[in-house]
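With the working numbering, you'll find the sequence shown wraps up at 715, consecutive numbering, no jumps.
Honestly, the hints are just simulated from the structure, not real lab data.
Small disclaimer: the values here were computed from a predicted structure and weren't measured.
Hints may be right or wrong, so weigh each one.
To be verified - Straight-line distance between alpha carbons at most 16 Å, and here's what the computed EDC-like set of lysine to aspartate or glutamate pairs gives:
1. K653 with E681
2. K660 with E630
3. K596 with D642
4. K633 with E614
5. K653 with D623
6. K662 with D685
7. K596 with D671
8. K697 with D659
9. K707 with E611
10. K653 with D685
11. K653 with D642
12. K662 with D631
13. K684 with D647
14. K697 with E611
15. K596 with E619
16. K596 with D645
Claimed, not checked - Have a look at the derived ranges for each label pair, beta carbon to beta carbon:
17. T602 with D685: 16 to 24 Å
18. G612 with P693: 17 to 25 Å
19. E630 with S597: 21 to 29 Å
20. T650 with C610: 18 to 26 Å
21. R677 with K626: 30 to 38 Å
22. D631 with D599: 31 to 39 Å
23. T602 with D631: 28 to 36 Å
24. Q657 with Q699: 30 to 38 Å
C-beta atoms are modelled at their ideal positions from N, C-alpha and C, and glycine is treated no differently.
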Amino acid sequence: MNILVVDKSEDMRTRLERLLDCEGYEVHQAENGIDALKLLSEDSKINMVLSGLDLKDSDAMTFLKNARQNDKTKYLPVLIHYDITQCSRDIKEFIKDLGVTAWIPRPAKAQALVSLLEKVVERLIVA
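Throw the hints in and build the complete structure from the sequences for me.
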């Protein structure tokens, strides 16, 4: 399973890549929404996206809005990991309307994150 990790923090991307790699995922990285959209258009093997809320030069809302306008990525599962101090109810509602698959508060326990990803993968296989 291929996952794209999008986060402005190189440290966060690296930590997530290490965790996900150990769980058998092939991990791709982008630091902003523009790079993420480019990778998604170039690599049809990416099965889901794990994105931070705040991205370098953009935000998850803009990224998600653009991803949902592309037929190739319209239904791609997108999970948002966020710092609970930076996410208001209004932001969550707006992004929910754009089709976010799941929310993951940060810092997340490794096993909780892996468990959530496994549930998304199960839904992908069934669909």
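Here is how each hint holds up against the structure:
1. K653 with E681: 13 Å, holds
2. K660 with E630: 11 Å, holds
3. K596 with D642: Between K596 and D642 the Cα gap is close to 7 Å, so the pair holds against 16 Å.
4. K633 with E614: 10 Å, holds
5. K653 with D623: 15 Å, holds
6. K662 with D685: Cα-Cα ~13 Å, so holds.
7. K596 with D671: Judged against 16 Å, a Cα distance of about 13 Å means the pair holds.
8. K697 with D659: 33 Å, violated
9. K707 with E611: Judged against 16 Å, a Cα distance of about 14 Å means the pair holds.
10. K653 with D685: 10 Å, holds
11. K653 with D642: 14 Å, holds
12. K662 with D631: 15 Å, holds
13. K684 with D647: 14 Å, holds
14. K697 with E611: Holds, at about 14 Å.
15. K596 with E619: It holds: about 5 Å lies between the C-alpha atoms, which stays within 16 Å.
16. K596 with D645: 9 Å, holds
17. T602 with D685: 16 to 24 Å: Roughly 32 Å apart at Cβ, these two residues miss the hinted range, so it is violated.
18. G612 with P693: 17 to 25 Å: 24 Å, holds
19. E630 with S597: 21 to 29 Å: Since the Cβ atoms of E630 and S597 sit about 23 Å apart, the hinted range of 21 to 29 Å holds.
20. T650 with C610: 18 to 26 Å: Check failed, 31 Å falls outside 18 to 26 Å.
21. R677 with K626: 30 to 38 Å: Since R677 and K626 have Cβ atoms about 32 Å apart, the given range 30 to 38 Å holds.
22. D631 with D599: 31 to 39 Å: 24 Å, violated
23. T602 with D631: 28 to 36 Å: 20 Å, violated
24. Q657 with Q699: 30 to 38 Å: 35 Å, holds
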